[in-house]
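Based on these hints, arrange chain C on the given structure of chain H.
Residue numbers (this note's numbering), protein chains in the order written: chain H, 1 to 281; chain C, 1001 to 1314.
It is possible that some hints are incorrect.
[Unchecked claim] Capping the alpha-carbon separation at 16 Å, the derived lysine to aspartate or glutamate pairs in EDC-like fashion look like this:
no.	chain 1	residue 1	chain 2	residue 2
1	H	11	C	1112
2	C	1188	C	1112
3	C	1188	C	1201
4	C	1123	C	1181
5	H	11	C	1201
6	C	1123	C	1112
These are computed hints drawn from the structure, not numbers from a lab.
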Amino acid sequence: MTRQQTNRLAKIAISLVAALVVLPIVLVISYVVYNGIGVISWEFLFTAPRNGMREGGIWPALLGTVFLTFGTAIAAFPLAIATAIYLAEYAGDNRLTRWVRLAIVNLAGIPSIVYGLFGLGAFVLFLKLGTSIVAGSLTLGLMTLPVVISTAEEALLAVPQEFRTVSLSLGATRWQTIRHQVLPHALPGIITGIILGLGRAAGETAPILFTVAAFYLPELPRSIFDQTMALPYHLYVISTQVPGMPLSLQYGTALVLLLVVLSLTLVATVLRTRMRRRRQW
Amino acid sequence: MLKTEQVASLPAAHPAPAARRRRSGEWWIEQLIRGAGLSTIVIIGLIFLFLLREGLPAFVRISPLNLLGVRWYPIEELYGLLPLLVGSLLVTVGAVVIAVPLGLITAIYLGEIAPLWQRELLKPLIEVLAGIPSIVLGFLGWVALAPLVQQAGAPTGLTAFTGALILAYMSLPTIISISEDALYAVPKEYRDAALAIGATEWQTIWRVVVPAARSGIVIATVLGIGRAIGETMAVMMVTGNAANIPALATGMFFQPVRTMTATIAAEMGEVAQGSLHYQALFAIGIVLFLLTFAINSLASMLIGGGKQQRSNQL
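So that you can see chain C by itself, here it is in the shape it has in the complex:
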């Protein structure tokens, strides 16, 4: 990086006119580049501002009691956000419960067990998974997975579980790559020391490597949650879109639900601009924005903190 001020201020005391002109041109270019850097902050601000502009009136015009209600039924002006929150929560929790263990174990396999040729084959394959559009996975969930879920005994194939399963695979690439980085960051000496005092490979992995990498694994989980909560198309196609709160029972994952994202995607096309319903959909957008903002800020704080900790230790 070019941070040495002396170098930049070295030139002769009386630069030739041509050089001066060149310098002022460069001044403008450098200001543009600085402006671009700052623009990312401005863009985040603008996104939030426009969500507020369209969605804030909903919080004024709809009574808090209505917003916290258990029914989302815009035709009767019922805008209870609770069923949508529960829907998003169920699908997200399901996805994370499936994806974190799978992702962590796959990362362990790739980092600690797999021979080189397998690693070189599997890593691009996982990148391919990250590249598959969510609509394609949603389509497959709709035509192929949902019938299987129904055959397995659920009342319908379009359930929170179906959505969670697809979301889990969609968040796996993120979880695997971050867990892998975390495992990779564990110093080799830890492994050598454990093996030297007679631990088996499994004991080394489970008792030494994984605990040493736990902060990275937490970050992977947090980012997985963030990824899952914001997914739209796949979830809309396979969760059945029923805006009711499933009864708290063992079968609750096998009932249709409707998430916040799917509600926006499904209803925005049919509402009049500026209507109460339109504003309520933007209000859901505000909730989603704040949720993911909190989750991602938390994750990036954890990443910063983790780095510091490691450099202090070693």
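Next comes chain H alone, as it looks inside the complex:
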């Protein structure tokens, strides 16, 4: 075999392997859509499960996931954005900063089930919040911190240095510069990070297992100190814990969860692309 033939063969092999990675993604999504689309109806989305969850809809779980997603946003974002501002605008190149960055890398790497354990130990038991929407949102919020911090920092760093120099040279203070020059320009990027983080939080199961998720709770939560059902946990429950569960309802639930999470991711991606195109510096 000549070198040219080896070259051609290698390139074909590489393309095939890449197809092996990409095709299953398409397959997975179309498989869920194909099997789940049939049960999606007004009734499925907006009524509570009935008959031991074997009939009816997913409304309490869907609404629970919406509550938890908002809760996560409130819990995570003030802290995440302040941390990003610290890293992008204040932190010097010193040991402390390196420690902060190491902490963020490790926060991102802690397994979600360990966040669940921490939420149980700290929020549910120590702070006596009980298994509640607050406890679950705080747990999910902590888990979301690293994603939001790193995207927000990137957005802040993308604002040209000249903007700051000009603002400072006109007599604005450091905080005025950040508040009126840097943050407005970084805002779309920060929002992208927030939505990405929320997409991840909405699909997580392990952190909410012991902190908020209810196995079966047809009534809707009345306050933030109540338990709630949530879509990811509901999918787990109906696919493994309920015998005789119709497969179509399982696929339907999986499809709704997938749509919720992917639409958040999609919005974030579109926002980012549009922002990059609009940028004029």
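Structure of chain C alone, referenced to chain H:
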């Protein structure tokens, strides 16, 4: 970044009262921002502290011999961590063995071979994969993949291999994007030089680009391991949850196993708070925390070292 101290200390010697009030308000805001930065370190510390608070008693109350035993059977107060460690190890090793070559080759395809339009199509698709919730992949593994594995000849469909396969796809987005960055960081001159002396594209990729990017590829592998070892829901649904050590044989990947993460998730709901079993589950959490902390710190050290090396070279 605003690091120039002169600029910050420029204002007039006698600022007007309004300006002074503004300044002190800003002082508070800046302290809050600094506090937020430091809070990340505090949070990591708190997480570890709370794990220790609930889990440390297990290491005192359960004899070391029991903890290192080969049986995890809480009803008989047998808390051997070994089968769970082996379970996690098998699934993780399997996932990495599948995902690293696949991820690296896909990164090569995206970075060196694919035309622009394909790259613009495939990259968002891989981001979509990163966005699919693990419970959805676990569900598909449970209803669709496991029966296939069984048909292929395994005694049951819920095996370490099934878990490894799903985990591999879950860690692919991480591995692909880091490998791609590593390949991208290889200077164009290397490629030009290789092609100029008559190497084919394949020779250039395999003998020049990939070796030059190897530190990034190592980092991708390490982070892939970290991602795989901590995955919970998908693994719990497809690995069969049998807490025994598979016999060391060729078929060991095709037996049910139980990972550390799955054990916590499956059993925590049923234990009494403060019981020995409860503390033992937190003890597994401590082990997981330390493992992933070590892996991620290693990766971030490698990333720091790699950057330095490159800037020294060029």
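Do the hints match the structure? See the list:
1. 11/H - 1112/C: holds, 10 Å
2. 1188/C - 1112/C: holds, 11 Å
3. 1188/C - 1201/C: holds, 13 Å
4. 1123/C - 1181/C: holds, 13 Å
5. 11/H - 1201/C: holds, 9 Å
6. 1123/C - 1112/C: The hint holds at about 14 Å.
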